[in-house]
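Build the full structure now, drawing on both the sequences and the hints.
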Amino acid sequence: MATAGALSLSLALTACSSSTKSTGTKSGPIKIGISLSLTGDFSADGKAFQQGYQLWANAINASGGLLGRQVTLDIVNDASSPVQVATNYQKLISVDHADLTFGPFSTLLTKAASQVVARYGYAFVEGAGGGPSVFTSGLHNVYDVSLPVANNLVSSAKWLAAMPAATRPKTAAYATEDDPFTAPQLDAARAVLEAAGVKTVYNKVYPPETTDYGPIAAGMISAKADVVLVGTLLPDVTAFIKQFVQQKYNPKAFIATAGPDQGAQFIKNVGANHTQGIMVPNEWYPTVTTPGNAELIAAYLKAYGGTAQDVSSDVPEGYAVGEVTAQAVKAIGSLDQTKLNAELHSGTFTSVQGPVQFDATGQNIKAFAYAFQWQNGALVPYQPDAGQLLVPAPPATTAILYPKPVW
Amino acid sequence: MSTELAKAVVDGVLTGGVYALMAAGLTLIFGVMEIINIAQGILVVLGAYLSYVLQTHLGLDPFLGLFITVPVMFFVGVGIEWGFVRRLKQQNRTALSILVTFAVAIVIEGILTQFFSGDLRSLHAWYVDRSLHLLGFYLPYIYLLGFALAVAGLAALQVFLYRTRTGYSIRASMQNRAGAQLVGIDINRVSAITFGIGAAVTAAGGMVFGATTTFNPNSGYDLISRLLVIVVLGGLGSIGGALIAAVVALVIEDVTAVLWSPVWASTMFFAVLIVVLIVRPNGLFGRQAARAQ
Amino acid sequence: MNDPLATPLWRGARVGTAGLALIAAVAFPFVFTNPAVTSVAMFTLLFVGSSSAWNLFSGYSGYMALGNAVFFGSGAYFLANVAKDLHLKGGIGIFALVPLAGLFAGLVGVPVGWLALRTRRHTFVVVTISIFFVFQLLAYNLHSLTNGSGGMQLPMPPWLADTYNNYFYAAALVVAVVAIALSWAVRRSRFGLDLLAIRDDEDRARGLGVRTERVKLAAFALTGFITGMCGAITAYYLGSIYPPFVFDALFDVTIALMAFLGGLGTVTGPVVGALLLEPMQQYLTLRFSNAGISLILFGCLFLLVIRFLPEGVVPSLARLLRHVLRTRGEPQAGPGDPPPYDSPADHSPAAREVPR
Chain A
1 MATAGALSLS LALTACSSST KSTGTKSGPI KIGISLSLTG DFSADGKAFQ
51 QGYQLWANAI NASGGLLGRQ VTLDIVNDAS SPVQVATNYQ KLISVDHADL
101 TFGPFSTLLT KAASQVVARY GYAFVEGAGG GPSVFTSGLH NVYDVSLPVA
151 NNLVSSAKWL AAMPAATRPK TAAYATEDDP FTAPQLDAAR AVLEAAGVKT
201 VYNKVYPPET TDYGPIAAGM ISAKADVVLV GTLLPDVTAF IKQFVQQKYN
251 PKAFIATAGP DQGAQFIKNV GANHTQGIMV PNEWYPTVTT PGNAELIAAY
301 LKAYGGTAQD VSSDVPEGYA VGEVTAQAVK AIGSLDQTKL NAELHSGTFT
351 SVQGPVQFDA TGQNIKAFAY AFQWQNGALV PYQPDAGQLL VPAPPATTAI
401 LYPKPVW
Chain B
408 MSTELAKAVV DGVLTGGVYA LMAAGLTLIF GVMEIINIAQ GILVVLGAYL
458 SYVLQTHLGL DPFLGLFITV PVMFFVGVGI EWGFVRRLKQ QNRTALSILV
508 TFAVAIVIEG ILTQFFSGDL RSLHAWYVDR SLHLLGFYLP YIYLLGFALA
558 VAGLAALQVF LYRTRTGYSI RASMQNRAGA QLVGIDINRV SAITFGIGAA
608 VTAAGGMVFG ATTTFNPNSG YDLISRLLVI VVLGGLGSIG GALIAAVVAL
658 VIEDVTAVLW SPVWASTMFF AVLIVVLIVR PNGLFGRQAA RAQ
Chain C
701 MNDPLATPLW RGARVGTAGL ALIAAVAFPF VFTNPAVTSV AMFTLLFVGS
751 SSAWNLFSGY SGYMALGNAV FFGSGAYFLA NVAKDLHLKG GIGIFALVPL
801 AGLFAGLVGV PVGWLALRTR RHTFVVVTIS IFFVFQLLAY NLHSLTNGSG
851 GMQLPMPPWL ADTYNNYFYA AALVVAVVAI ALSWAVRRSR FGLDLLAIRD
901 DEDRARGLGV RTERVKLAAF ALTGFITGMC GAITAYYLGS IYPPFVFDAL
951 FDVTIALMAF LGGLGTVTGP VVGALLLEPM QQYLTLRFSN AGISLILFGC
1001 LFLLVIRFLP EGVVPSLARL LRHVLRTRGE PQAGPGDPPP YDSPADHSPA
1051 AREVPR
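Residue numbers (the numbering used here), protein chains in the order written: chain A, 1 to 407; chain B, 408 to 700; chain C, 701 to 1056.
The hints are simulated quantities; they were obtained by calculation from the structure and are not laboratory data. You may find that some hints are simply not true.
As the list claims (entries may be wrong) - Here are some chain B residues pointing at chain C (derived, C-beta under 10 Å): (1) Ile443; (2) Gly490; (3) Val511; (4) Ala512; (5) Ile515; (6) Leu519; (7) Tyr628; (8) Arg633; (9) Val636; (10) Val638; (11) Leu640; (12) Ser673; (13) Leu680; (14) Ile681; (15) Leu684.
As the list claims (entries may be wrong) - Here chain B is said to cover these stretches of chain A; the calculated rule only asks that three of the stretch's residues, wherever they fall, bring their Cβ under 8 Å from a Cβ of chain B: (16) 35 to 41; (17) 192 to 206; (18) 209 to 218; (19) 236 to 250; (20) 267 to 281.
Even glycine gets a Cβ: it sits at the ideal position worked out from N, Cα and C.
Now the structure itself:
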């Protein structure tokens, strides 16, 4: 019986190594080990991330590669499971001999993976593990090129707080899924608004397993808050919008942590006529004028079709991971992980998401959140001016809609 | 607060109807065949995807689409029974049926993932966005229609069971499998039809599910546990019991969310079952026979 | 009827195989030093433990529990809390707490079992699922004990990457051996016979003087003890725990599938099931990254096993072997031989027909 196990294990082993073509020799391609959630709970984001990584690899290979060598992505599936993600990075590093490692999707999996990668002394650049728990684990090899999630809603909250007294909301309702991605954002936004005297009239947390959002929506509706801030992903924000539409409740502002950023999927789920005025924070948008972004969009449309609005914000996150790593590798001129870690800690970088600089815990201190508003079927970016009010970010020119038009 | 409470009760009743529609097939299949159909959750999702395909490719209204999806799901059900469930040996059938229907669920999930990816979808229609303004409540048409569909569907099922020859055979098999066989009822045929009807009813449940929430191939897992709770709460095999149990459980859940906190709402949903079973081990409307092993 | 597998020769062969298996398991990390392999091997051993534990209660008694992640999660959170409150540093010492975590999970099993075991058969299945969800939701909601969805971090061991897995492998092996030994000992004891009597006909067993409530509860708590230790080791290995990962519905189903695959109610069945399934599952996920193919393959494989080996791998092979021996006319067991307690086919579901 143990022989049967040993047999299947060694089968798994040989199969693993047979899929390995080179073992990181100096002349061959540079191999980048990545575990992504291609199935399971995070599969939608996992696949978008895969596109971002792939587009970066295509771009750098077209421009002559990294250190003169081509780049290949060794992507394995973790099925959204932390057990699998731990096994995967061990395989990527010790069996496939990956030269570099990029992060998986989500704070939860990044946390589990970062510990494994740290054991090997590898630098772990990632774009989707921005939850506070990633940065409090005491590791010094994790770098999140994206915005630390807790700060996502701060620009929007400061905008509401900075309004002249006549239009400033008097009351606000908050509801968030109990999730390490959403809950910290709502806490930060509420702190800003309460400090500015905006009264909290509803504030509830609900578990991720919730299937009936009716009572929570009803609570916000009967609280009659001027503005609504929700800590959501796509399914729950869809449910809230449906309920608000059905109940004809029109807050002056509706701001969600995530979901409305999902472009085409969001429109498909809530219907194009119900998106007007809905706001969502993000640090990137398809027409942003950061270096390389226009090329990324062009490459995306060529490879996957659709329109620029369809590009999930996971794509530039993945792309930026590649960009930052490549700049650090070029700066040190080698793949030495010790030097790479030192460079990532001290250097400054650019990405399609904007400038990147890491603090000691690996958070990107240069990142800030744009506020986006759906207007006529497209997301329009806004950025804070000197007085914290939101003004159109180029190339947008239309003023922000406040109050939000009725459904 | 009191309007909120009233709203929660109304919401719970309407959502309960939708859950009953999804759970009816599960309890019917159990009643006749004494097996737990773990694939019920994914069958709901499959029903939703069928409606989705008809809507996006043929522009068919989800309710009209039922004329196609219900028969299709009937044959899916018959196929599952014939292909897998029938072949189980009598010994240890309960346990093996859980295993085999779980395997079927995995295969269906894999096929759906292959065709539709993990993206979230939802169904659209004019009645999804609008609501009826009545007595100060906004009642979404989709929930009203879903509830009506549930009551109509479950009533039709009862009529079928009590007024038709096949229905007699099914009920006879529910009461005593061996006895039914002795009086010349073709148990295999009855089982296949039962499984087919169970899946067919689920097509309707899946359509309403797809119109009220977003779904992807993964959605079956959260569903099956809730459907099982409803079915056991109502008493395994009792269709009326499932309707009442669904309404009771959902009302308690929604009221908890309003009076206490949404974080405890789901907990209450499951806790209700545990509490009820301490008092009534056969559920609210279960047959005594379930106690005897 | 004489059992050709009950001769001293075959019994000796079984003991020998078990010994060889243990030696192979101990030698494994020295032969396969690759961390990617030892990691899979460690998780496999933890599943050997969890699945054997599941079988010890559910396989023997016929009560299908689908909520054993309650124990797994309880053990994991116990370890995380103790390590946090005592400000423990990562190292071998943490493993000393693993049996305590098991005891804690076993204690959790007492009230849970008291509640769940008031019901039978299908209802019991659903009640265990419900209790599982209540526990998962409690892990989200009891912030002071679990830090909610933010998760908890465990101390980080100082070991190097090359040998890191070996410590956990050793701990997992000990738990797996304890689980197998317990399930073997129970199987041969009066306690085990009581459980089997409950599976065959609970009311009659009670009539014959078996204290059914007490026997069931004891087995349930014993299951909790082993499963809780597996949860604690997993938590320590992963370094951080979150409610949906340690209270995982898939775990509930997986350990039951393993026992089924290998052979329900046999000592070796869950072991074989776990050894086959866990590496295969990880391999399929790795190999077929794209879309639903791994799910389809996995499901179809199960359908095939149920179709052709409905009793599980071990009883089916034993039957085949027995058939071969009979037709070859090998010498049958002597009349003086004691009845074969530990021959797998004898406790297979087929051999003990459940009256319905």
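query: Quick check: the stretch 192 to 206 of chain A, covered by chain B? Criterion 3+ residues, Cβ under 8 Å.
result: holds (count 3)
query: Taking the closest Cβ pair, is Gly490(B) under 10 Å from chain C?
result: 8 Å, holds
field: Arg633(B) as an interface hint toward chain C, with CB separation required under 10 Å
entry: 9 Å, holds
message: Just to be careful: measuring from the Cβ of Ile515(B) to every Cβ in chain C, is the smallest value less than 10 Å?
response: With Cβ-Cβ at 8 Å, under 10 Å, it holds.
message: Just to be careful: measuring from the Cβ of Ser673(B) to every Cβ in chain C, is the smallest value less than 10 Å?
response: 6 Å, holds
field: Agreement of hint Ile681(B) with chain C interface, Cβ distance less than 10 Å
entry: This hint holds: Ile681(B) lies near chain C, its Cβ roughly 6 Å from the closest one there, short of 10 Å.
query: Per the coverage rule (Cβ-Cβ under 8 Å, at least three residues), is the stretch 267 to 281 of chain A covered by chain B?
result: holds (count 4)
field: Interface hint outcome for Leu684(B) [beta carbon to chain C under 10 Å]
entry: 6 Å, holds
task: Mind taking a look at whether chain B covers the stretch 209 to 218 of chain A? Criterion is 3 or more residues with CB to CB distance under 8 Å.
output: holds (count 8)
Agreement of hint Ile443(B) with chain C interface, Cβ distance less than 10 Å: 6 Å, holds
- request: Return the status of the interface hint for Leu640(B): holds when the least beta-carbon distance to chain C is below 10 Å, violated otherwise.
  value: 9 Å, holds
- request: Please verify that hint: Val636(B), Cβ, nearest Cβ of chain C, below 10 Å or not.
  value: Since the shortest Cβ distance to chain C is 6 Å, the answer is holds.
Hint violations for this structure: none, all hints satisfied.
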